[in-house]
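Using the supplied hints, reconstruct the complex from the two chains, each of which is provided in its own coordinate frame.
Residue numbers (the UniProt record's numbering), protein chains in the order written: chain A, 1 to 155; chain B, 1 to 135.
Just so you know, these hints were derived from the structure itself, not from any lab. Cβ atoms here follow ideal geometry from the backbone N, Cα and C, with glycine treated the same way. There may be inaccurate statements among the hints.
Claimed, not checked - Facing chain B, from chain A, some residues (calculated, C-beta under 10 Å):
1. G67
2. S68
3. L72
4. I128
Listed here are the chains, written in short residue letters.
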Amino acid sequence: MRSLHVLIAAAVLSGAAHADGNGRRMPAQVPKAYTQECASCHMAYPPGLLPAASWQRMMNGLDQHYGSDASLDATTVRALSSWLLANAGTYKRVRAESAPPEDRMTKSRWFARKHDEIPAATYRRASIKSAANCMACHAGAERGDFDDDNARIPK
Amino acid sequence: MTASPFIHIAAGLLAACALTPATAQPTNASAQLQRWQASAGAPADAARGQKLFNTKAGNDLSCASCHGAPPTGPARHASTGKPIDTLAPAFNAERFTDTAKVDKWFRRNCKDVFSRECSAAEKADVMAYLLSLKK
Numbered sequence: 001m002r003s004l005h006v007l008i009a010a011a012v013l014s015g016a017a018h019a020d021g022n023g024r025r026m027p028a029q030v031p032k033a034y035t036q037e038c039a040s041c042h043m044a045y046p047p048g049l050l051p052a053a054s055w056q057r058m059m060n061g062l063d064q065h066y067g068s069d070a071s072l073d074a075t076t077v078r079a080l081s082s083w084l085l086a087n088a089g090t091y092k093r094v095r096a097e098s099a100p101p102e103d104r105m106t107k108s109r110w111f112a113r114k115h116d117e118i119p120a121a122t123y124r125r126a127s128i129k130s131a132a133n134c135m136a137c138h139a140g141a142e143r144g145d146f147d148d149d150n151a152r153i154p155k
Numbered sequence: 001m002t003a004s005p006f007i008h009i010a011a012g013l014l015a016a017c018a019l020t021p022a023t024a025q026p027t028n029a030s031a032q033l034q035r036w037q038a039s040a041g042a043p044a045d046a047a048r049g050q051k052l053f054n055t056k057a058g059n060d061l062s063c064a065s066c067h068g069a070p071p072t073g074p075a076r077h078a079s080t081g082k083p084i085d086t087l088a089p090a091f092n093a094e095r096f097t098d099t100a101k102v103d104k105w106f107r108r109n110c111k112d113v114f115s116r117e118c119s120a121a122e123k124a125d126v127m128a129y130l131l132s133l134k135k
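Bound-form chain B, shown alone (with noise of 0.2 Å):
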């Protein structure tokens, strides 16, 4: 009987789970990655990608700081220092899953480090190095 509320709590959180509800197309890394080459019309380079994301750009502030470098593990946001799951899709696999969610973060976070929004060939770069960062 000992058992009964720990069942009960267990079932509660698979219910809750099947119950969250799918907001996007199921997609991945490698399917981003397809979209930012055609949109760019050029295959993507992983070097080139690896150097936009560790570059420190007017606000002090590269893709590493808030996603480590490289980013193959939990990090923390640089100024709040609330955890960030990790970012390598290798290592994270609900990583670039939601492309409404990918498409979010990307505008955001290269506003906040480059003050501007990344170009579909920069996207495809850093796309092309974290799909390189393998376990």
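Bound-form chain A, shown alone (with noise of 0.2 Å):
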């Protein structure tokens, strides 16, 4: 009975310390095209780390997407955007604050506060190459586990 208390309490207190996560979250149903269109060049960003307004701007721009061409034919740019509308900005730190610069989630002032103790030098390392890399020291990212303690930087 005892050790049951124990699973109980160690089970409300874990889904405490993830009530901050839920809203970065991957949304259960992640459409094929997400995968294969978005996460060749990079991660899957689960949609919730975005306002609504940052995703439509992107989508309307895929041809320049921050450097790369990554046009897309009309029926799957709409099935995504339908999908990324859906589930944007359901993380409350994104619902806090406007679009960030440039549409770009390392641009919001969530985003620097939480990595307020990296040194710009560690993001440029040949290992991480970028602070959009969120997979390089979070490796459940693309889960949208971004917790503390589950997050390694790699040398």
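Below, the structure is given as structure tokens:
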């Protein structure tokens, strides 16, 4: 009985610890095109990490996508846009501020606050390349696991 | 009994593979080469393709920046670091088996590197170069 209580307490505590991260999770249903098209060049970012306005602008300008041509056929653009917009901005810190500069989540104020101990040079390491490469340090990033305890900065 | 979860997982993976729909007519690298040669109306040149593949254009990028030089092993995206599967068809049988995918990536990547689309002759040359890379 005692061990059952411990288990329940642990479950409740872990639930509380993760409540903050729920809005960062990848939605249960991810369109195949999101993985195929978007995640060919970079990780599959959880849509909750940018506001709807940012996703909308991004999907309207895929031919000039952060220095790359990421253009897609109109049908795929429509399908991905509606999924992104339906799941946009679920992270509470995204909702608390306006769209970040250049619609880059790495330029959000919350991103800067959460990474204020990381020097710019760290991001330039060959093993990381840029602040947008979440997976370099957060192995579970594509699932939306950005927990500090699971983060490891590569050399 | 301890093996049963693994059997289930393995069975699930097999089922997932079997259910993956074919998205396009099956093709291969040689067929792509034929297609572009026919469109260009001239034979391809692997040496010219190699030169083009390694040419750095306006954005300080070449094909090799993301695919490696030579592209016979796994590589990484030049700006994001995302792993990119091996490009040369002798080293990765998956490559150039989906025409829509091939056309899409040639269009995008030529724009990234050369700020324009590549001609059929250029694509034929690059394809001839990639086909010349053997194990």
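Comparing the hints with the structure gives:
1. G67: 7 Å, holds
2. S68: Hint on S68 (chain A): holds, closest Cβ of chain B at ~5 Å, below 10 Å.
3. L72: 8 Å, holds
4. I128: 7 Å, holds
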